[in-house]
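Peer 1: What follows is each chain in one-letter form.
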Amino acid sequence: MSVVTFEHVGYTYSAKTPFEHEALKDLSFTLQEGRVTGLVGHTGCGKSTVAMLLDGLERPTSGRILIDGRDLWEEPKKVREIRRRIGLVFQYPEYQLFEETVEKDIAFGPRNLGKSEDEIRTLVHSAAQFVGVGEDLLKKSPFELSGGERRRAAIAGVLAMDPELLVLDEPAAGLDPRGRADILGGVCAYRREKQNRTVLLISHSMEDMARFADDLIVLKEGELLFHGTTKEVFCRPDLVREAGLALPQITRITNALCDLGIPEGITTTEEAAIEILKRLDS
Amino acid sequence: MLKDVTLGQYFPGQSPLHRLDPRAKILGTILYIVLVFFARSFPAYAALLAALIVLCAVSGISLKLILKGLKPVVFIAAFTAIVNLFWTAGEGAPLVEFWIVRIYPEGIYSAIFMLLRILSLVIGTSVLLTYTTTPMDLTDALERLLKPLKFIGVPVHEFAMMMTIALRFVPTLVEETQKIMNAQKARGADFESGNLIRRVKSLIPVLIPLFISSFRRADDLAIAMECRCYHGGKGRTRMKELHLRFGDVLFLFSFAAFGVLLYFSTPFFASMGFYIK
Chain H
1 MSVVTFEHVG YTYSAKTPFE HEALKDLSFT LQEGRVTGLV GHTGCGKSTV AMLLDGLERP
61 TSGRILIDGR DLWEEPKKVR EIRRRIGLVF QYPEYQLFEE TVEKDIAFGP RNLGKSEDEI
121 RTLVHSAAQF VGVGEDLLKK SPFELSGGER RRAAIAGVLA MDPELLVLDE PAAGLDPRGR
181 ADILGGVCAY RREKQNRTVL LISHSMEDMA RFADDLIVLK EGELLFHGTT KEVFCRPDLV
241 REAGLALPQI TRITNALCDL GIPEGITTTE EAAIEILKRL DS
Chain Z
1001 MLKDVTLGQY FPGQSPLHRL DPRAKILGTI LYIVLVFFAR SFPAYAALLA ALIVLCAVSG
1061 ISLKLILKGL KPVVFIAAFT AIVNLFWTAG EGAPLVEFWI VRIYPEGIYS AIFMLLRILS
1121 LVIGTSVLLT YTTTPMDLTD ALERLLKPLK FIGVPVHEFA MMMTIALRFV PTLVEETQKI
1181 MNAQKARGAD FESGNLIRRV KSLIPVLIPL FISSFRRADD LAIAMECRCY HGGKGRTRMK
1241 ELHLRFGDVL FLFSFAAFGV LLYFSTPFFA SMGFYIK
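If you read the sequences in order, they're chains H and Z. Reading the first sequence from the start, the letters are residues 1 to 282 in the working numbering. Reading the second sequence from the start, the letters are residues 1001 to 1277 in the working numbering.
Bound-form chain Z, shown alone:
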């Protein structure tokens, strides 16, 4: 039951996308998100989807895994599409008119758009970032990108370290939970039957030991870090320096160029009647 968490998971690989500098990937992802919201014409959207398909193909991550990662957003996507379908009023005559339901052609368009927008948003960010970047690289890159904030007194290194530790302990906690659940099951605990209140109550014997062991682990970790003379970010050097290579710069520039093109093309396509609200 706890083994099926794919959201935010890293899948090891050797693709060009895996080897890309994580900073370039973070900037690329931000750009991508902006583009998803700026693309408002059919041709622009088609271009964006084409770019997404190329990214997926390059990443070497199987389609099955990508689709599996969509599971958590299926409900939201479907809900948004349905709301758009029924509640978008159009100018012409409705296609279907039944009781209080009126479906306009504009409704169908915007439902499809919303669906595509949400799905491409999730697929794009996960393929470009979380599936192909190790959590450690991710926090390293974030630390570097947020470095300027240090001058206004934000403890960037400390935040990055907290994030690294949190990510590092997710699998450990999952394993620990499974272990404690098994131990309580062996003592006759029942997590599967009864109403909601009983089920929530049955989790107490799992949550208390879990909290206690987490606190103990945090204490141990703090002591271990202090024993190795960790004292925060000041004067700290890194073992693995991030270096922007030619490929990373090329990726960023081509992606940015693609975005600029997409943005300025919208009015042009709009004048041809492809515009979507």
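Chain H with its partners taken away, still in its complex shape:
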């Protein structure tokens, strides 16, 4: 794994009813193996629909989704097989917890995949470690945890399936800055450890994207607006504005500095600090 390609994919909700809604239009892109790709766009632009289609939970109304060159829906009976290789973390995943203990809940995914008990134990513990769910939490009931802890436990439940492609839909929504950094940092640690894992990170926070994404796909009303590296997107404030998003303050400052002749491609506060210090020194 795994090269994932969307080929002219379209998706319409409740087709042929008064509630018809075209969520995706003629969407084509390829996710590069081993990279973190961010999917950004304004609310309702079809980000979550992309996630559902990727995991084979819905079938595209038009176009094809290729995984390693094979059509995901070639044999509809085998979609479940492909789904095993893809880990999808839904928005607010903490509402899917149901087991008596956090440990059992994290084990639900790998158990469904038919792993042995030894393997399951290793997978559960390493997944819990990545997102900072400690040993003491593993023995607790998921309903005793705080909101942020439950979120982390739910994400660990998907990481434990050891997916080749990891899709996260707004994993940090509604968390405080500390919680956001913990979760996204955990995901990055996971990817560093397991090489060649592809990650698709869905969010509308450009701050998070600046820190964690290598590539960016920008959606607008179900259509592809831009696909390029994060730096490229951050140098195009016009594009970002068109998609209905806001660049981080720091980027807006550095873009203004760009116009004054300071090098392009500064996306985070740390990079800006280094660059500014360099100027001050010379």
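Some clues are possibly wrong.
Dumping the calculated DMTMM-like pairs for lysine to aspartate or glutamate here, alpha-carbon to alpha-carbon at most 20 Å [to be verified]:
no., chain 1, residue 1, chain 2, residue 2
1, H, Lys77, Z, Asp1190
2, Z, Lys1179, H, Glu99
3, Z, Lys1179, H, Glu33
4, Z, Lys1179, H, Glu232
5, H, Lys220, H, Glu232
6, H, Lys104, Z, Asp1190
7, H, Lys194, H, Asp71
8, Z, Lys1179, H, Glu170
9, Z, Lys1064, H, Glu94
10, H, Lys139, H, Glu100
11, H, Lys77, Z, Glu1192
12, H, Lys78, Z, Glu1175
13, H, Lys78, Z, Asp1140
14, Z, Lys1201, H, Glu144
15, H, Lys115, Z, Asp1190
16, H, Lys104, H, Glu144
17, Z, Lys1201, H, Glu170
Taking CB as the label site, the calculated pair distances span [to be verified]:
no., chain 1, residue 1, chain 2, residue 2, range
18, H, Asp71, Z, Asn1195, 24 to 34 Å
19, Z, Ile1223, H, Phe143, 13 to 23 Å
20, Z, Asp1190, H, Glu119, 14 to 24 Å
21, H, Glu221, Z, Met1162, 36 to 46 Å
22, Z, Ile1082, H, Ser62, 39 to 49 Å
23, H, Arg35, Z, Gly1060, 52 to 62 Å
Hints listed in this document are in silico derivations from the structure and should not be mistaken for laboratory results. By construction, the Cβ of each residue, glycine as well, lies at the ideal position given by its N, Cα and C atoms.
Place chain Z on chain H using the hints.
Peer 2: Same frame as chain H, but now just chain Z:
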């Protein structure tokens, strides 16, 4: 799979039936149900069916939707018809006699009647009431109609509020179920294969989160209502008062007149030999 629930669904529209006062519609529906059981002669039934067709036409709801709503009762209707067909003994000679099966002309009549009765009952009540009345209007009207029960200590308002809330959350729960099912599917859960016991077991990961989120939602709703000073029905006024208009009264009276006519005509038709047991 959960999207196909049509029974008890409202279809928005602007027809005269939609605009009718919901209280008039509830009373009309009760009258209609009584009539379906009183109509015992062919002419009376024909008149009732004609009235039903007029109602359907006026409602502006497509025939396809009306027929789709019949799906849940098809089995019961067919079963009743078959039972009536084979088990009704007649006075004359049987039409068909084969092994233990005996079909009399009376059997055929009563099978057709039973079938018509069930289908017209379901179509009539859904077109007159559920398809053309919003759930909110329905509970409002019920509250008003049941108001006299307050004097014997029945908390009518509280019941109506409970019903409103229950109806309001049906679509929310359906959506939530779909979401949780998807989330568990993404974690490798399988709802489609295996025997009955395995399938029931596979629903546990859906039902537990669903229960928990329902309780949480109920708590949140209760707090939100209290924050807006809701304290039950005492001294509560309403934003939308129901007013009976001339059209509503006319509808009720003409429907009642139709019913009285139908009722008293039965002995007359019966004397002419149209009577059905």
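Peer 1: Going back to the hint list, which numbers does this structure go against?
Peer 2: 3, 4, 7, 9, 12, 13, 14 and 17
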